[in-house]
Amino acid sequence: MKHSKPTERTKVKVVLPGDTVSLDVTTPGITLGPGLIQAGDSISCTKAGFLVRSGSIYWVENDQKRYIPETGEHVVGRISGKGGEFYRVDIGSAHQAILPFLAFENATKKNRPNLNIGDLIYARVALANKDMDPELQCLNPMNNKADGFGKLEGGMVLKCSLRYCQRLLTQETDICKLLGQVLQFEVSIGMNGRVWLSSDTIKHISLVYNVLKQAEALNNSECKALVNKLAV
Amino acid sequence: MPNLTKYVTPGRRLCFSEGVTAGPGVYERGEYLYASVVGVVQELAPTTEGEPRVVTVTREKVHSAVPDVGSIITGKVIRMTTKEAVVSIMVVGNMPCKDDFQGIIRSQDVRATEKDKVKIYNSFRLGDIVRAEVISLGDARSYYLSTAKNELGVIYAQSVAGAVMIPISWQEMQCTKTKTMEPRKCAKPDIPLPEK
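In the order they appear, the protein sequences are chains X and P.
What the first sequence shows, in full-length UniProt numbering, is residues 1 to 232, in sequence order.
What the second sequence shows, in full-length UniProt numbering, is residues 1 to 196, in sequence order.
Simulated from the structure, these hints should not be mistaken for lab results.
C-beta: ideal position from N, C-alpha, C; glycine also.
Please note that a few of the clues may not be correct.
Claimed, not checked - Partial selection, computed: residues in chain X whose CB lies under 7 Å from chain P:
1) Thr-71
2) Asp-131
3) Met-132
Throw the hints in and build the complete structure from the sequences for me.
Laid out in structure tokens, this is it:
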């Protein structure tokens, strides 16, 4: 799939929750992204951060760590319990998510998945809204195949801000590519502020963890300097 | 005639069953009417002219309605899961309930066609007022309800913007303020359509 280069992202100003944003509401086609709501005839902010604009889309960017599930996002979760026909999964949201036994590739009533409490999984949010507990699935709904979802063996989980996970996924930050030139490692990035990482030895795993943790606050050139220090 | 201001207990013989009918809280056995609950005996005028007077025993001044199989209830959605919506029954027919009962609308009882393709989140939302029919007395916790008829379903709902919504079709409602459509299983409105 060809990715088009994202349009220029410009920071407009710093906003706090409750601030009214004076956008030209008469212009048709303004899209309000996360952090902005329409209250009557004016637009107000619900998050503290930078008001960012890309084309005609406006949204608020911040260092939020609290995850609010959205349908279609990929998340890293930990099995916290078993219900009747489902697992209870902790994905860091306000309510624990549900992962039905049948939401796996080749799952039938007799063929149950083999997961235990404490296991880490990579899943897709199948259903998320404010009225119900979120629901996950470990398969791609388009072709009903696992496609990388399922149990994550070994490794460890890094908890970070949601924005950092987005930056890692869109490769806005080069840290994964730079680190990959020095070490061999594996990452699964969840949109819920959790990154699973694994490598061949425990020493490498803790190295990758520390680098990724530090790189959250660094820009690309500083990341390069950090990795160069490692390679020595 | 019974002393109308006296408290009676179950089993208390009230009066001859001649010329009077047994109402709630009273049963007829042989020639007499007996109380079946604790309360005050009341003699009420009949609902229609020419009918005999009704003797009832009630603890409260006003009777509280109790749902029965086949009764149409009005309630509010208080909880939702993927398989069912839990409704707090507030009105049975035209009579309000003193204490709310609990009812469940299972996903296969939401509508009459394509029962297995129902998505609860596209039929109801939290806080919606629904009209449903009691299909079963259910278990200890809740009645079982159904909205699988044209005139059953959501009768009042608020949009995410906080404004009242009006039904557009049996599947959609529109917000009066922002004009966005939201999916609901709507009840057919009672008002007759205007002549074309």
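Under 7 Å is the threshold here; is the Cβ of X/Thr-71 close enough to any Cβ of chain P for the hint to stand? Result: violated, 10 Å to nearest chain P Cβ.
Closer than 7 Å between Cβ atoms is the bar; does X/Met-132 clear it against chain P? Give me holds or violated. Interface hint status for X/Met-132: holds (5 Å vs cutoff 7 Å).
Given hint X/Asp-131 near chain P, where the shortest CB pair must fall under 7 Å: This hint holds: X/Asp-131 lies near chain P, its Cβ roughly 4 Å from the closest one there, short of 7 Å.
When the structure is compared with the earlier hints, a violation turns up for hint 1 alone.
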